[in-house]
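With chain A fixed as given, assemble chain B onto it according to the hints.
Which chain is which? The protein sequence lines are A and B, in order. Residue numbering for the first sequence follows our numbering, starting at 765 and increasing by one per position. Residue numbering for the second sequence follows our numbering, starting at 1092 and increasing by one per position.
Because the hints were derived from the structure by calculation, they are not lab data. Misleading hints may appear alongside valid ones.
Examples of chain B residues toward chain A, derived with CB under 8 Å [claimed, not checked]:
| no. | residue |
| --- | --- |
| 1 | 1146 |
| 2 | 1208 |
| 3 | 1228 |
| 4 | 1232 |
| 5 | 1260 |
The following residues of chain B were derived to be distant from chain A, with all beta-carbon distances above 10 Å [as the list claims (entries may be wrong)]:
| no. | residue |
| --- | --- |
| 6 | 1106 |
| 7 | 1144 |
| 8 | 1170 |
| 9 | 1250 |
Values in this document were obtained by computation on a predicted structure and should not be read as measured data. Every residue, glycine too, gets a C-beta built ideally from N, C-alpha and C.
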Amino acid sequence: MTSAVSPSVVPAPAPKPNALVEYLLRLGDDRLVLGHRLSEWCGHGPILEEDIALANVALDLLGQATMLLRLAGEVEGQGRNEDALAYFREAIEFRNCQLAELPNGDFAFTIARQFLFDVHAVVTLDALSSSTHAELAAIAAKSLKEAKYHVRHSGEWMLKLGDGTAESHRRVQTAVDELWRFTGELFAADDVDRAMQEAGIAPDLTPLRERWLSLVREVMDQATLTLPNDVPRLPNARGGRTGAHTEYLGHLLAEMQIVARSHPGATW
Amino acid sequence: MVARAGAVTRDALLAVLDQVMDPEVPVLSVRELGIVRDVEVDDAGAVIVTVTPTYSGCPAIRVIEQDILAALASAGVSDARVRTTYTPAWTTDWIAPEARAKLKAYGIAPPARTEPSDLVQLLRRRAAVQCPYCDSFDTELRSEFGSTACKAVCWCRSCRQPFEEFKAI
Chain A
765 MTSAVSPSVV PAPAPKPNAL VEYLLRLGDD RLVLGHRLSE WCGHGPILEE DIALANVALD
825 LLGQATMLLR LAGEVEGQGR NEDALAYFRE AIEFRNCQLA ELPNGDFAFT IARQFLFDVH
885 AVVTLDALSS STHAELAAIA AKSLKEAKYH VRHSGEWMLK LGDGTAESHR RVQTAVDELW
945 RFTGELFAAD DVDRAMQEAG IAPDLTPLRE RWLSLVREVM DQATLTLPND VPRLPNARGG
1005 RTGAHTEYLG HLLAEMQIVA RSHPGATW
Chain B
1092 MVARAGAVTR DALLAVLDQV MDPEVPVLSV RELGIVRDVE VDDAGAVIVT VTPTYSGCPA
1152 IRVIEQDILA ALASAGVSDA RVRTTYTPAW TTDWIAPEAR AKLKAYGIAP PARTEPSDLV
1212 QLLRRRAAVQ CPYCDSFDTE LRSEFGSTAC KAVCWCRSCR QPFEEFKAI
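Chain A on its own, in the form it takes in the complex (with noise of 0.2 Å):
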């Protein structure tokens, strides 16, 4: 019966028309939420070297969000810019990865969980460098060279925490065991990953994760520490990438928009 169908009957190629901005949400959000969590270290860091460097990585992460959030509005067309994103969205309107709202727990688990994050923002951002999307080519760009000496600044840490003393060798092995389930999302491709690696616009997943995992393992291997043996489960349903996310990120986003919220359009 093909033959009787008409061209104007033929159901189109599904729409994709929000899959770049989904997917600059999740650059975007991933960066906004793990900059806020940072920012809490601010006057609570173990010495005074490390409040600072926390606090720069911070301050780096919302810029970074910033300029892909403001894209993201540009793109999506409806009016919202960066703070309207980032100050009046729901929690399931979130696309960040899990990993980047847990809680801080101990200086061990915040530097593994940067350490983590970090790999995956290097072999990420060099490869949309050379993204066909020029603005977000170079963006970043210039999120690499930040990104660059944030990898330089957890990574020293895993190697001096874990090849520190008992103690710091059994509590960075901790976080990162208790991390990994975690990392699985960063590499799960939907429909949306498709799209921009057809488009040209974002990597192939599959072989970044190889390069991130290598990565890994050799900062973890210099550091005396074990690579979980388990591999990550790929959540079905892809976690924050899809707005479910753990029951952390609702009291970040209540402390962090509560002054907009309060005050909408306040300026000083």
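Just chain B, lined up with the frame of chain A:
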């Protein structure tokens, strides 16, 4: 006053921008730092200044934009806009030798030349930073994160003076 609208020259505009100092490194102008990428006059006679941020999260960029517009306004250019570009990404390699000398005189070690690096490069060996106070190379890096995003904290073993280094990026 630079000139009346329509008769304004690029050189005159650049001379105005030479007077706009970076709020966090006040010995260098925003042109010397490479933040100002271009200035042009559009068909309608409006002045468009293209800037690029140093670091993504640099909190000074808004102040810099306001300072640029204020300097142009006081020079008689009221119809001006600031445009932001991210490409090419800002690099400390754009800071010229004369500007590097000003940084050193101000007590900030100037940035080294950037080098291509691996994505994850830990415990890297880098050329010793020269102390801006006593010129000794017997110095050590204390932290890559300093009072602003663009500076690292170093320590001179020779004169026992902590000092800041403009990070190569």
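Are there hints from earlier that the structure breaks, and if so, what are their numbers? Going through the list in order, the structure violates hints 3, 4, 7 and respects the others.
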